[in-house]
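Asks: Keeping their order, the protein sequence lines are chains P and S. Throughout the first sequence, residue numbering follows our numbering, covering 1 to 563 in sequence. Throughout the second sequence, residue numbering follows our numbering, covering 1 to 285 in sequence.
Simulated from the structure, these hints should not be mistaken for lab results. In this text, a Cβ means the ideal position worked out from N, Cα and C, and glycines have one as well. Among the hints, erroneous ones may be present.
Keeping only pairs whose Cα atoms sit at most 30 Å apart, straight-line, the calculated DSBU-like set for lysine-lysine is [what the hints assert, rightly or not]:
id, chain 1, residue 1, chain 2, residue 2
1, S, Lys-244, P, Lys-404
2, S, Lys-259, P, Lys-404
3, S, Lys-263, P, Lys-554
4, S, Lys-105, S, Lys-76
5, P, Lys-404, P, Lys-67
6, S, Lys-112, P, Lys-263
7, P, Lys-263, P, Lys-67
Far from chain S, by Cβ distances over 10 Å, these chain P residues were calculated [stated by the list, open to error]:
id, residue
8, Lys-2
9, Asn-110
10, Gly-333
11, Val-509
12, Gln-513
13, Met-526
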Amino acid sequence: MKVVEVIRKYFAVGVVMLVYAWAAVAIVTYRREELPAEAKIVLRLGHWQLEPGVRQAFTRMAAEYRKIRPEVAIIQDAIPESVYGQWMTTQLMGGTAPDIIEVGLGVPYNVLLGFHARYFLPLTTYVNQPNPYNAGTPLADTIWRLTYKDGMRNSYIEELQEYMLVPLAQFGIRIFYNRDLLRRLTGRTEPPQNYREFLAVCEQIKRQRDEQGRPYLPIAASQYHVTMWEDFMANPLTFAAVRFVDFDRDGAVGNVELFAGMKTGRIDFDFPPFAARFEMIRQLTSHFQEGFTGLGRDEAVFLFAQQRAVFITTGTWDASSLVEQARGVFEVGVMNFPLPTSDDPDFGAILEGPRYERPSATFTFAITRTTKHPDVALDFLRFLSSQRGNEQLNHIIGWIPAIKNTTLPPMLEAFAPNLQGVYPAMPITLGGETIIRWQQLTSLFHVHQITYPELVARFRPFYLEQGVREFAEIVRNRQRGVARDEQFLAGLRARWLRAEGVEAESLGVRYRQLTAGRLILRDLGMARLQRMLAQGPSPQSRAPYEWSEAALAKIRSHVETTP
Amino acid sequence: MGSMQVRWWFASVLIMFSDGVAATPPSMSGWDYYRLGDFSMAARMFEREAARGDAGALYGLAATWHWRRPGEDLEKARQLYEQVLAQAPESDWAAWSALALARMKATMPPGKEPPVTEILAAYQRVVDRYPWHNAGEEAFLFIQATRLSQVETDAAAVVQELERFLKERPQSKYRSTAFGLLAYANEILGRPEQQLAALLAQLEALETDPLNPTRDVSGLYWQIAAVACFEVGDLRLAREIYQKFIHEYPTDSRVFFAKQQLKRIDELEARLRRERLTAQRSTQE
Chain P
1 MKVVEVIRKY FAVGVVMLVY AWAAVAIVTY RREELPAEAK IVLRLGHWQL
51 EPGVRQAFTR MAAEYRKIRP EVAIIQDAIP ESVYGQWMTT QLMGGTAPDI
101 IEVGLGVPYN VLLGFHARYF LPLTTYVNQP NPYNAGTPLA DTIWRLTYKD
151 GMRNSYIEEL QEYMLVPLAQ FGIRIFYNRD LLRRLTGRTE PPQNYREFLA
201 VCEQIKRQRD EQGRPYLPIA ASQYHVTMWE DFMANPLTFA AVRFVDFDRD
251 GAVGNVELFA GMKTGRIDFD FPPFAARFEM IRQLTSHFQE GFTGLGRDEA
301 VFLFAQQRAV FITTGTWDAS SLVEQARGVF EVGVMNFPLP TSDDPDFGAI
351 LEGPRYERPS ATFTFAITRT TKHPDVALDF LRFLSSQRGN EQLNHIIGWI
401 PAIKNTTLPP MLEAFAPNLQ GVYPAMPITL GGETIIRWQQ LTSLFHVHQI
451 TYPELVARFR PFYLEQGVRE FAEIVRNRQR GVARDEQFLA GLRARWLRAE
501 GVEAESLGVR YRQLTAGRLI LRDLGMARLQ RMLAQGPSPQ SRAPYEWSEA
551 ALAKIRSHVE TTP
Chain S
1 MGSMQVRWWF ASVLIMFSDG VAATPPSMSG WDYYRLGDFS MAARMFEREA
51 ARGDAGALYG LAATWHWRRP GEDLEKARQL YEQVLAQAPE SDWAAWSALA
101 LARMKATMPP GKEPPVTEIL AAYQRVVDRY PWHNAGEEAF LFIQATRLSQ
151 VETDAAAVVQ ELERFLKERP QSKYRSTAFG LLAYANEILG RPEQQLAALL
201 AQLEALETDP LNPTRDVSGL YWQIAAVACF EVGDLRLARE IYQKFIHEYP
251 TDSRVFFAKQ QLKRIDELEA RLRRERLTAQ RSTQE
């Protein structure tokens, strides 16, 4: 009787304990089985890349590494994206984090900053030394960070003044197409080479029907995809605005500069490059499927995989899975965004060049402070980011290497970033209200319910009136943001004052440069715009990149006096 | 609640319960905790050290109450800064405390900020008390920047002040910033030659970090080239700087634009030469 009572009382606890014990034994056994017999050092590597290729790539690279260091074994913790933030947080705080961990998902930036400072090892010293795995290559004497195509820009955490991350790949966005369907519907073996050809091909595709009588779709799109089409094809058309409203002459147009330009009559919505942007979006979206704004990414991919559509745009991160879905059914091709030619009737005179693409290395990893083998973890990351190692890793995954002098996998050759070109210059929204109004109106424009002149007629008066309040709010927000910079600089100042020798000198330079940029000179750009706005409309004013009378006179005189 | 908010909440809760968490090095100072954003621990450490009469710790405690967000206590911070000034008036910490008191006025939340004259007076007190200290020089530059950021500004007076500063302090480590302000003041006054000279001096005076000698001066190059080209008409200099920009920053987004500018310069010169030839021919005829 007593025994039964005890069993009843502790049955639930017993079951939990049994399951726990079973799980613990299973994990230990599984981990043991994964390890090669000769492994003396085990490195754990945590990441969230569950797409095809990544885990296999790490496994193969680990095997390659073991040829050099047979005593090291690498175990992967591949965690789903949806729980990665929580997983990383608990592992770091519990002191059980992997030796090497992928960083950049699931944790807000301000929390991540704390993680960087508390849980990850600074790498500044090492990124300023050559990578030993580049020996025998043209990068042998180059310091590690400069072996990267982007100079390791994303690895530097300014708040900490340290390099903290090792990136392993680059991403890019292009158009993917169904080669077989393109050939069947248009007779073409090559994709269209320019914008007009592309539109003509889309028209041809749209006229044809499948076995069930449904029309083929030229482009599979969704709310997720429309911004890519805009970013790569339509937005670069607005570049010319930089010559009219880049008042601080930094080579780019900020939203406050554009507002000041609009408010003072220096530029307007009828500026031909702005109107051209919308005309191109209208032309492109007419080849998207009906109701694309209500669809998600997967639905568009489904249409492409089902061979209902010929083109879809996405990034290198989807390349392998698209190829995988199409395997044995159709061949996937990759093409660049088709640009208008210089004689294009609508855009030839507007588009000044191809779109600039900033080389930016991501897929970033940090070394955790709890690792028992920081030197080995660093060595493995150096191996993966060497010229040969990074090329091999990315060839296996099907991504773009982050290191200079590497080759791209054949399918990704179209992804080589374009390093010289134009960039967008129409950041129209300022704050909450203008963002909402703009989104509402552009959504209507996307589905062809209103034209660009109608959009302008409904947005312009609101923008010019509400914009004044939102401009003032931006000024106030900048003022509120000072506290964060002051907080950071007070910490850096203390570090400088307590340091010695060359470190003190270095910290002093960094402190003064950051204080100048973030505090002392902070408000001068806004003050320039406030003065312009206070002076009122000035449509005839000289643009920032237009010669002054005095400059022209001097140049003329110089030309006259020199042969 | 969105998934981002859930993650934020989750991370925040874990951080809240993680004072002195695992993986934190054992010998951390108040400033280490301050930089990690653990202001409660920082305050505790500073209080302990300040009790031993350490002015630096007292300043750290003041800075913690001044800049911690949320939970700042400006009145407490002000008292602590004044305590540093009274306790060790000749120390570095006192000079930085004086500047912090002035910054406290200048960085009041929107709607609570005092009149500009009061802010300027607060900076001036730092300049008067610590004229040769880094904090005094920073205060001087804050005065000039505050004056230049007003819609109605007396830029000519600022130019005079800055020129005096630069003349009297050839060794100052803030010369580059002073030249930057001087360039801006000359821009307001419509004096492009002086603006260009100041921008070039700003570049020349930039300090180099001995541990990271590669510095990004692409923005300054861009400004110098634009002013030389479009305001001063010094095409030789503009060409030189645009070419340096392209050479030194080959992956910068503005390389294409820089090449366009070089082409425009060539085209302008060619056009002016053609006009001169046409004029010469018509004179000869």
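Asks: Could you run down the list of hints and mark each one as holding or not?
Replies: Consistency of the hints with the structure:
1. S:Lys-244 - P:Lys-404: holds, 22 Å
2. S:Lys-259 - P:Lys-404: Satisfied, since the Cα-Cα distance of roughly 24 Å is no more than 30 Å.
3. S:Lys-263 - P:Lys-554: holds, 19 Å
4. S:Lys-105 - S:Lys-76: holds, 14 Å
5. P:Lys-404 - P:Lys-67: holds, 24 Å
6. S:Lys-112 - P:Lys-263: holds, 28 Å
7. P:Lys-263 - P:Lys-67: Violated: Lys-263 (chain P) and Lys-67 (chain P) sit about 66 Å apart, past 30 Å.
8. Lys-2: For Lys-2 (chain P), whose nearest Cβ neighbour in chain S is about 41 Å away, the distance exceeds 10 Å, so it holds.
9. Asn-110: violated, 8 Å
10. Gly-333: holds, 28 Å
11. Val-509: It is violated; Val-509 (chain P) is separated from chain S by about 4 Å at its closest Cβ, not greater than 10 Å.
12. Gln-513: Given that some Cβ of chain S is not farther than 10 Å from that of Gln-513 (chain P), nearest at about 7 Å, it is violated.
13. Met-526: violated, 8 Å
Violated hints, in rising order: 7, 9, 11, 12, 13; the structure is consistent with all others.
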